[in-house]
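Visitor: This is what each chain is made of:
Protein chains: 6
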Amino acid sequence: MPIVQVEMLEGHTLAKKRLMVEKVTEAIVESLGVPADKVTIIIRDMSKENFSKAGKLACDQ
Amino acid sequence: MPIVQVEMLEGHTLAKKRLMVEKVTEAIVESLGVPADKVTIIIRDMSKENFSKAGKLACDQ
Amino acid sequence: MPIVQVEMLEGHTLAKKRLMVEKVTEAIVESLGVPADKVTIIIRDMSKENFSKAGKLACDQ
Amino acid sequence: MPIVQVEMLEGHTLAKKRLMVEKVTEAIVESLGVPADKVTIIIRDMSKENFSKAGKLACDQ
Amino acid sequence: MPIVQVEMLEGHTLAKKRLMVEKVTEAIVESLGVPADKVTIIIRDMSKENFSKAGKLACDQ
Amino acid sequence: MPIVQVEMLEGHTLAKKRLMVEKVTEAIVESLGVPADKVTIIIRDMSKENFSKAGKLACDQ
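Protein chains in written order, with the UniProt record's numbering: chain L, 1 to 61; chain V, 1 to 61; chain G, 1 to 61; chain P, 1 to 61; chain Y, 1 to 61; chain S, 1 to 61.
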């Protein structure tokens, strides 16, 4: 039943997202011992206006 | 004070969203016994590129 | 595929949680037209120390 | 390590977002005593179709 | 309507949490121009077993 | 900057969590091409009373 949410800066290609969900699903299956069909992943793309570290937006860094 | 977040695949009409928030609010009020005006719902639309089950993106299924 | 997260103040009985997930699942099925077995709900219990409205913790209200 | 997620109605200018992340970061630093470079903020813009209070979407209020 | 979620390592006193929600609420009010009674904050305490940076749990660092 | 949140049923050992964050971090690094020290993972343990599929709590299945 693991549900994984991945927030990342926008701009990754579909090919990278496809690879990411394959690899993260495998990582969960191998480490937690749950079947792959129980692993759900939600991706959220953030714009650089919507992410801040140390009080500074990514678009200003 | 319940705060409900609903992640769903994009493409639902405004009419469906309107009905959904009415019905989910009622469901929370009736089951938990809180007043309707304390129930907040956030909807998040996911593209098919951003949802994966069993290591496969929804856009590839 | 809807994934529903419900944040609520702690202290609800198991019977209320059971009723809540039944009713919220029905509400999603009826409004969005998805099958019940695609509806996942995560409940998160908040202590009164961990919820604030208008700058005041629930335990101080 | 605090990670702050801010859901807000869309339409705020970049200048307001910039000010918000500065001020929220300061607020976390001063109250919790963590260094600013450990404070991460994610902003999520909601459309008025995607926010409901008391069973009514913001776009219908 | 801003809803703020703050994930932080467990162990902060009630006094620190109280100060944090006051200051974060003020920061939101001043930067976004929303009234204080529209600002909701949810705090989530993480144990050191439940937070990882660079592939290492906080309890192992 | 990816931030990964993993919701899973409680009861996994510390050793499993340690392995999981190592492997998920690697998966993100290899697929998205970001450095490991930019990858943050938050784990949330759910009790069986707090997870529902198809309208039924995990503790009732």
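Note that these hints are calculated values from the structure, not bench results.
Using N, Cα and C, we set each Cβ at its ideal position, and we do this for glycine too.
One or more hints might be untrue.
Calculated cross-link-like contacts (lysine to aspartate or glutamate; reagent style EDC-like; alpha-carbon spacing at most 20 Å) [stated by the list, open to error]:
1) LYS56/G <-> ASP60/Y
2) LYS53/Y <-> GLU26/Y
3) LYS48/P <-> ASP37/V
4) LYS56/S <-> GLU49/G
5) LYS38/V <-> ASP45/G
6) LYS23/V <-> GLU22/G
7) LYS38/G <-> ASP37/V
8) LYS23/P <-> ASP37/Y
9) LYS53/G <-> ASP45/Y
Which chain P residues face chain L? A few, computed with CB under 8 Å, are given here [what the hints assert, rightly or not]:
10) LEU9
11) GLU10
12) LEU14
13) LYS16
14) LYS17
15) LEU19
16) THR25
17) GLU30
18) LEU32
19) ALA36
20) ILE43
21) ARG44
22) MET46
23) SER47
24) ASP60
Visitor: Would you check whether GLU10/P satisfies its interface hint, that is, whether its CB is within less than 8 Å of any CB in chain L?
Guide: 11 Å, violated
Visitor: Does LEU32/P hold up as a contact with chain L if the rule is Cβ-Cβ below 8 Å?
Guide: 14 Å, violated
Visitor: Compare the distance between the alpha carbons of LYS38/G and ASP37/V with 20 Å, and conclude whether the hinted pair is satisfied.
Guide: 28 Å, violated
Visitor: Holds or violated: MET46/P as interface residue toward chain L, Cβ cutoff 8 Å?
Guide: At 12 Å from the nearest chain L Cβ, MET46/P fails the 8 Å test, so the hint is violated.
Visitor: Would the hint on GLU30/P be counted as holding, given a Cβ-Cβ threshold of 8 Å to chain L?
Guide: GLU30/P check fails; min Cβ-Cβ to chain L is 12 Å, beyond 8 Å.
Visitor: Holds or violated: the hint that LYS17/P contacts chain L, with Cβ atoms closer than 8 Å.
Guide: Where the cut-off is 8 Å and the nearest Cβ of chain L is about 6 Å from LYS17/P, the hint holds.
Visitor: Take the C-alpha atoms of LYS23/P and ASP37/Y, compute the straight-line distance between them, and say whether it is at most 20 Å.
Guide: 18 Å, holds
Visitor: Hey, LYS53/G versus ASP45/Y, does the alpha-carbon distance stay inside 20 Å?
Guide: 18 Å, holds
Visitor: Would the hint on ASP60/P stand, with a C-beta cut-off of 8 Å toward chain L?
Guide: 26 Å, violated
Visitor: Taking the least C-beta to C-beta distance, is LEU14/P closer than 8 Å to chain L?
Guide: Nearest chain L Cβ about 6 Å off; hint holds.
Visitor: Below or equal to 20 Å on CA atoms is what counts here, so check LYS48/P against ASP37/V.
Guide: 17 Å, holds
Visitor: Is the straight-line distance between the alpha-carbon of LYS56/S and that of GLU49/G 20 Å or less?
Guide: Cα-Cα ~29 Å, so violated.
The earlier numbered hints that this structure contradicts are 1, 2, 4, 7, 10, 11, 13, 15, 17, 18, 22, 23, 24.
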